[in-house]
Structures are given as structure tokens and as C-alpha cells.
Amino acid sequence: MINVLATIKIIVKTLIFPGAFFAMAAGLLLAGIDRKVLARMQKRIGPPVMQPTYDFFKLMGKETIVPHAANRRVYMAAPVVGFVSLAVMMLFIPIGGWCAFTGDADLIVILYLLTIPAVALIVGGSASGSPFAGIGISREMVTMMSYELPLIIVFLAVAKKVGGDQLFFGFRAITNWQIANGPMIAQLAMIPAALAMLLIIPAEVGTQPFDVAEAETEICEGPLIEYSGAPLGLFKLNTAVKMLVMTSLFTALFLGGITSGIHTGITLWGIAIVDHILRALIHVAISAVITVVSMTTIHAATARLKIEHLFKFYWTAVTGLALISLILVWIGF
Amino acid sequence: MNYSHFPAIAVMGLFLGAFLVEIFGSKSKIVRNIIVFVFTTCAAALMLYLVKPVMLDGEIISYWMGNWEPVDGYAIGIGYEIDQLSMFFAILVVLTIWLSAVYSFRYMERDRHLGHYYTLFLMLSGAVLGLVCTGDVFNLFVMVEIMTFAAVALTAFRNKKGSNLEAAFKYLIVGSVGSGFTLTGITLLYMQCHTLNMAQLSSMLSGNLTPVTVLALALMFTGFGVKSFIVPFHAPAADAYMSAPTSVSMVFSGMVNKAGVYGMIRLVYIIFRAMDIEAIQILLVLLGVITMFIGVTMALAQHDLKRLLAFHSISQIGYVITAIGLCTALGVTGGLFHALNHTLFKGLLFLCAGAVLYAAGTTDLDRLGGLSKKMPKTCICFLIGAFSISGLPPFNGFASKWMIYQATYEKAVTTGNLFYAFATVTAVVVSVMTLASFIKVTQAVFFGQCPAQLQQTREVPFSMRLPMWIMALLCVASGVLYGDLYRFILAPASNAALNVTGYIDAMLGSGTAASAGIADIEVAKVSFSYWNPTAWLILFAIILIAVCWVVVFGEKTRGAVLQSESSQDVDGKYATFFSGEKSMHSHVGGSDLFWGFKKNFSGYFRVMQGIHSGNVNDYALMAVAAAAIFIVFMFVVLL
Amino acid sequence: MFKKIIAASTAKSPWIYHINTGSCNGCDIELVAVLTPRYDAERFGFKLAGTPRHADIVVVSGPITSQSKDRLIRTLEQVPEPKVVVSIGSCPKSGNVFKGSYSVEAPLDKYCKVDVSIAGCTPKPEAIIEGLYKAAQILKEKREAMNK
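Chains as they are written, first to last, in this note's numbering: chain A, -18 to 314; chain B, 1142 to 1780; chain C, 161 to 308.
These are computed hints drawn from the structure, not numbers from a lab. Note that CB positions come from ideal geometry on N, CA and C, so glycine has one too. Hints may be right or wrong, so weigh each one.
[Stated by the list, open to error] Here are some, though not all, of the chain A residues that point toward chain C, as calculated from beta-carbon distances under 10 Å:
1. Gly27
2. Gln32
3. Ile160
4. Glu197
5. Glu199
6. Arg285
7. Leu286
8. Glu289
9. His290
10. Phe294
[Stated by the list, open to error] Chain A is faced by these chain B residues, among others (derived, beta-carbon under 10 Å):
11. Phe1539
12. Thr1565
13. Val1566
14. Met1574
15. Lys1740
16. Gly1744
17. Phe1746
18. Val1748
19. Met1749
20. Phe1776
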């Protein structure tokens, strides 16, 4: 009988919180906040915060046209695989110091799980058979190569800071360290790494000026060119969920343990539901702030880069920031 | 049953098969195929029978040819010794030869003189199997020679094309340079120790390095480096893999370069026991890192599928060498696991490339396209292989690369040496570049638009697809069940590499190692708490089912999915969007991709182009120069 | 319930694809002006899409030259249902001053059903916004009709 309860718990965790449903809702909310704040920065009224949700539901109601040149199976499966892997990722990233499934993923696993949605976009775009998509996937792949180098260095710096002369890539160790020693971002040596991470987020999500892969004005939205209806909606949803995943990752790495002090003591069926809800709300609020800082502001201030400049930017400036942190941590700061 | 004869029978059986094919099989196709099938299956069965005693029960099989047992503690006969490390590589070898043989039956049917092909094939197989089974350095050299020459002949098998002969010639020259170094090294060892038995050499050489033995180490190190095609000996490999028939390319990357890696491990871990020295570790890791980076960047610049795969073989061997160079339990385990995985996914990829060549007649990425609709099963297999080699979870490449990252960074934080952290970073970046290059292949070969001359392409026959499915299945299985794989195969193999006492004692009687002053090393158990593919797959499945449930039951609510039924329907609603123009054949080929990357690396690529001149003199010079550097390095650090 | 949500969302999220069939660019500039901070059509959810596959509303400007006719028809076909066609300016409605020219094939309603026509040479941004808003309502009706 214990197994039944445990199974229900797992299913609730995976499907509702912090899994699929929460990822979807919070991701769409973040995307809406991003668009609203961007509009305000440009002195516009802007769309309602619910706009990405409307877009998503509208696309669900549209026809899906599978082009003649496309491989139908891959074309239809790619967005689903991307969404599912993003939703699974939310189960591994701690929310307010609480992690749905601790011990099943560490930073390296997350680094690789993060590539799955990007690969899904690439393979799906490639399967659509359009030459515009061919250019788009090429750019998407180069973008991925650009940010992966600084990202791993940031991860290594965090791991070294937490572990000292032992190996710690696990999220629990990172959170516990931050509960004991204050947020990672307060460490002088980690500030460059945090800056690098803030610059990596927009490329990972694919917002301007790093949206070269989906440049709608020059290559007609690149990999998404032939997509319509529900699969397109899923891809748009993936972008939104990626915002949540990336900002959550930032929170876990640099602002971990901030909400761990919340203990109201109210429990329901033995679960501290009120604590969870409060932490989740604070978590989403923090994510929204990071979204505005790292994505919206840069978006409002810049125009789209060329792909070769993007690559150069990440392999010099951002990698340099991350390296400074790694070296500082290594020599004991 | 007395199974200590089995390895010798398996090796001799393969050589016997080679002669039988030449005598009886040159006329009749059926006789030939039966002989090949029977002997490869026998070899596989005999070796796999030994998995239980060797891997699970921890027994080490020693076998003296002709019962020439040691006299007064000096080994005089040729001994076969199967410890867990040999067994591990023997599994790779028999698996590869069996699958390659099955694949060859249909794949090679359009060639002539197949009797010679199978003779050489079985010679090659027997040589590599003998190489991993033998416990005698001179026998090892003989097997290396048979392997090299069979491989050279197979490279030139399709000798109508001049480039194939050229590739074979390059392989011959550089391979001979390597063999020469190996032989010289072995001669020096024999001069010093008066024995050729590896176990005995190990017990005599440990902690006993003289200038002569250090020279021998450097020369043999170079020799096995050439055989495993690490940078700077990698240049002939690309040509050879490209020119050989694909069933042989698979054998090359699945076991011939693994034979070099095996020789390297035997040499530095067992015979010389030199891995405690930090400089040797750094040398191996540095070589590995350079190899993986140069391999993958060169692969990104290729536009021939087989050549691209060849450079990836080089790059993946770089991972193996890096991990092995760490000399930690996690590192060696990760390295061996990656060697196993490389055999599986690279074999699969080569088989898919062979299927493309068989069906479409070319492997030029700029002339292919849109084959996923013509060859859907090959496409799925290729995607599995591509995701495995790029290390996407939950495939096997991820599990082994994950171990390698952990191992390198663990080494970095425990030794405080930032160099190992850069090895981790390079490994991750190389992994992304690997992904990029396979994205390029999938885009250029399987997706996009199908050129007019490939419209008649058909899926390949079942006997070619069977090895592909087996490989694909193994790729997924070894990625998901890697915990069991570790327990049953990898842990014994890595223990055997790190701990030499069992090897010496099994051959020369127990107590020999202790009397030579070699103590048992306690090998730490590796724990993998953080990557649990089964849990991940369960969570993935739950959400996937939920999403599919919504999709299926929302059918009336959501918009319809429309697809054109008629193959004539190329204009209008289902046409590809060309800004309103009538859709035409326009395919983004492999060479056109990754502009942003290539532009920034143009200087690097120019240098690389200069180094890969295609001139065999340069390659031989590079090999000799590298040997000189290794000799100087080892003299400086070891003496 | 989901049908209602989808229909309501359809009205709130119309994505525009703009086809220029030989227009003098006057209408095109005004259409872009609609998205600027002063008029900000994005507050109704309007967004310019890069490809017809993403579009809900197809905005056609220009007098449909013979060169652009086939391209127009092909592009209109590639838009997934439900879709709304809006003509902007006088040219697609009547041919405007180019009427009678050997190279002009206006009006647009010879080739497809035009749901909303925004007249004027060029129409004011306010008019365009109103026209597009009407188009969004028609889009919602079409989506509701699909439910039945």
C-alpha cells in the first residue's frame, strides 16, 4: 500500500508540481512578463501578460501542415521530446532549496539534458526539409557551441567553490553550501561567473540579440519555418519553459537557499504544502527578476548579432569572465 | 570442461578459416559464406563462454603453447594469458568481427575476388584476437604485424581507385614505422631481461628503470601510439578508413585501433607500471586532449561521410586515452567504457554509412540528401548512433563521457592541477562539436530534399540491417544499464589494469609478485549516484504518456494534422516555402553549414590544412619526430 | 471548455503575414507604423510572422502584378486554417490608378475570399488597426465554425 502512495506522489510531482504543469504555467508567465516589460521599456503599452498563453492555445487550434519534403515521424516527435525533456529537467533543479528528485542529476547531467531541447529543435527543423531551416539549424548549432564552453567553466567554478578539494557536482551539496555560507553570488570570486551565466541565459533561450537561429526577418524563423499548429505551439512553449529552466538554474547555482528559511509549520496530509507554495511563488518571482535583468534589458538595448560575432563574443568575453572566476576560485578566493 | 584451450582455439580457428576460405571458397559463394560464418561464430562463442569464469568468477586463464612451461622461473615458451582486461577487449573483438562478417555477406556482393577479401578479413580478426590474448611481447609484435598487413591489404581491396592504393601506401609506411619502433623496443627489453613474457617483464621492470628500458618504453609507446592512431600519427587513418570497404572500416575503428589502445594500457600499466609517475599521466592526458580536439575539428571540415567518421574515431580514441591517462579507478573505468561504447556506436555509424554507400552509391555529403524517406530504418539507426556518439542522455555515449568528465575533474580537484580541469572543458566542447558534426551529417544525408538521381534509392537488405539493429540495441542497452555493465565487465577490467599482481601470479605461480616487491593495490569502488537513466526514463515516460494522452484525446479540439498523400503533390499547400516561388530542389549540403564557427577558426583550419598535406613523407616524418620527442621526454622525466 | 479557450485565444493572438504584390510601399510603411510605440498593435496580440505557416491573418497590399500573382496564390495556399485575408489600401480592392494596365491583375477577390478590406491610399494606421481587429473577430468566428 505504501507503494501506491509513493507512486501517486511521483505522478503528482512529475505532472503537476514541479513537473509538466508548473513548468508550462510558470514558463508562459515568464515569457509574458518578458514581453510586457520589453514593451514598457520601449514606451509601448504592450500585450497582456497572458499573451504567450493565448498564442499557445491559438496554435493548438490551428491546422498542422506536414510539408511534402518532411519526414513526418521525426517532424511531429521532435517538439514533444523537447518539451518532455524540459519538464523532466524541472524535477531535478531545486526550487527554493527543495528538489523533487534529489540524487538523480548533477550539473553535468543538467548540462546534457539542456542540449536535448536544442537538438529536438535542430532535428525537427532539419526534418522539415526547407533550406531556410538548414541555415537555421546551422546557426542554432553554432550558438550551442558558443555558449557551451563558458557554461561548463561556470559549472566547474561553482563545483570547485563548493567542493574544495573534493568533487561535488550535485545540487544538494551546492544548496547546502549556500545555506551555510550565504548565496554564491555574494562571493567576490563568483561575480564574474554569475555575469557570464546571465549572458549565457539569453543565448540558451534564444532571445534577441542572440536569436540568430530564428531570425524571422532574414531566414523566416529558421528551423521553425515549416512548422504550424500544435507542434509550433509546443516549440514556442519550449522556449518559454527554457526561460524558467535557465533562470531556475541560475537561482540554484548563485542564489540557492534564499527561501530555505521559510517554515510556517502548516502541514496537510503530512506535506508542508504552504511552505511549498510560498517557496514556489518566491522562486517564480526571482525567476521573473532574472528574466528581466538578463533577457529583457539586453533585448531592448541591442539589435541582432551576426552568427560569427556571436561565436566570437561567447568564446572571448563570456568565456573570459567565466575563466576569471575559475582561476580565482582555484587560487583560493 | 577445461576451457583454458579456448582462446588458442579461437585464434587458430580464425587463421585456419582464412586458409580454408582461400582453398575452398574462391569459387562458391555459399561455401565461402558458410566457412566465414562458422569460424567467426565459433570464435565468438568460445570467447563469450569465457566471460563467466574470467569476468564473473575472477579467474585468470594462463595457457602455455605446446606446454612449454617456465623453467626456473624463466618463461621460455609462448604463453596466452586472459585476464579481465584481455577479456574485455576480446569481447569487443569477437562482437565486431561477427557483426562485420554478417554485414559483409550482402554488402560486398558487388565486388570481385571475395575469397581474398574473406581471407584477409579472417587474418585480421585472428591477429587482433591473438593480440589481446597473448601474454608474450614478441607474439604481440607478430600479431601487430599480421594485423597491419592484413589491414593495409584490405584498405587497398577496392583497388580500382587510385586514392585507395594511395591510402594503403600511407598506412603501410606509417604503420611500418610504428612496427619498427615496437620491434626495436621489444629487442631492447629482451636484451635487458632475457625474457619476452609480459608477466615476467612486469615483475622484473617494476621500479627498475634503466636508460635502456626507458628507451624501450618510449619506442614501444610510439609503436602502439601509431597503431591506435592518436595525434600525430592519425593522418593515414582518415584515408584508410575512407578507402576500405565499410565493413572493414567498422573493423578498423571497432578493434584495430582498440588493439593499439590495449597495447598502450598493457605497456604503461602492466609491463612498465609507469602510471604512478605524474609526468606520464600528464603526457597521456595531453595526447588524449590534443587528439580529441584535432580529430573533431578536422571532422567538422570534412564533406565525405566515411572520412568524417574516421576523424571522429580519432577524436573518440582521444577520450579513451585521456581517461586512461588519469590512472584513477573512475578514469580507467570511464576510458574502458568509452572504448566499448565507441566500438558500438562507431560500428553502427560505419554500418549506416555503408548502407548509404550501398543504396545511394556515394558518401559525398554534398551530393546526398532526403534519404530519410527512402531509408527510414537506416535513418533511425543512424540517429541512435549519432545521439550516442554526441553523448545525449540516455544513450551510452553520455554515460561514459559523464564518467570521463567526473574523472578528469576529480583528478583536477584532488591534485589541485588546473590542467586536468582544462581537459574536462575540452572534453565537453569536443562533445558539442561532435554533436554539431553529426547534425551536419543528418541534415546533409537524411533530411532536406532528395536529389533527382537518388529518387530510386531503396532500403538495404535485412542481413545488412540486422547488425545495425543489434548495434543500436546495444547502444541503448549499455547506456541505460550501465550500472550492471560496470559490475560485471568494467569493474573487473579496470581492476585488472590497475592491479598487476594477479596477472603476474597467474602466469608464474602465486607469490611471484610479492617476491618481486609488488603489492596489491586497493582499487576504489566507483559510485554513480547522480546519473540514474532508469529513473530519468520513467519520469520521461510519465510525462510523455501525459502529453500523448492530451494529444490523442484533444483530437477534436485541436487542429487537424494534414499531410499530402500523393507523391505528385509538390506544389501548393504542401510545398516547401520558398518566399512564394515554386518549390525547387534546394538542399543545404554538409559543406555549407557552421559558417560562424568556421569563420572564427579559419586561421586554425589553415594551419591544419598545411599539416594534413597528404604527403606520406610528412606523415612519416611526423611519426619519427613524435618518437624523438617521446624519447627525450621520458629520459628527462623518468631518469 | 478547451474549445472555448482556444476560440477566445484565437481572437487575442492573431499573427500577421504581409504579402506585397507590387505595392508602392505606402501601405507597407503604414502597416509597420501600426506596430510602433505610438500605435502599438501588439497590445491586441498582433505580431508579424516570418512565414505563412505561422500566420492567421494574411495582409495583401499592392495591385497584384502578373509577376506576383502565382506567388500570391501559392503563399495563400500555404497558410493553415483558420485564416483571414485582409486587403490593405485601394490597390488590391480595385487596382487603383493602375487599373487597366496590362500587367495588373487586381482585384484580389478574383483569387480568394477577402474577409476585410481596408480602403484608402494609404489607409491611416487607426483604420488599419480597426480593420485588423475586425479580422481577428472573423478569425474567432471561423475557429468556432471549425468546432461544429
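Here is how each hint holds up against the structure:
1. Gly27: holds, 6 Å
2. Gln32: holds, 6 Å
3. Ile160: At about 41 Å, which exceeds the 10 Å cut-off, the nearest Cβ of chain C leaves the hint on A:Ile160 violated.
4. Glu197: holds, 3 Å
5. Glu199: The hint holds - A:Glu199 has a Cβ within 10 Å of chain C, the shortest such distance being about 9 Å.
6. Arg285: For A:Arg285, the interface hint is violated, since the closest Cβ of chain C sits about 13 Å away, which is over 10 Å.
7. Leu286: violated, 18 Å
8. Glu289: violated, 22 Å
9. His290: violated, 21 Å
10. Phe294: violated, 24 Å
11. Phe1539: Nearest chain A Cβ about 6 Å off; hint holds.
12. Thr1565: holds, 6 Å
13. Val1566: Holds: closest Cβ of chain A sits about 6 Å from B:Val1566, inside 10 Å.
14. Met1574: Since the shortest Cβ distance to chain A is 6 Å, the answer is holds.
15. Lys1740: B:Lys1740 check passes; min Cβ-Cβ to chain A is 4 Å, inside 10 Å.
16. Gly1744: violated, 13 Å
17. Phe1746: violated, 14 Å
18. Val1748: This hint is violated: B:Val1748 lies away from chain A, its Cβ roughly 18 Å from the closest one there, beyond 10 Å.
19. Met1749: Since the shortest Cβ distance to chain A is 17 Å, the answer is violated.
20. Phe1776: Violated, about 32 Å.
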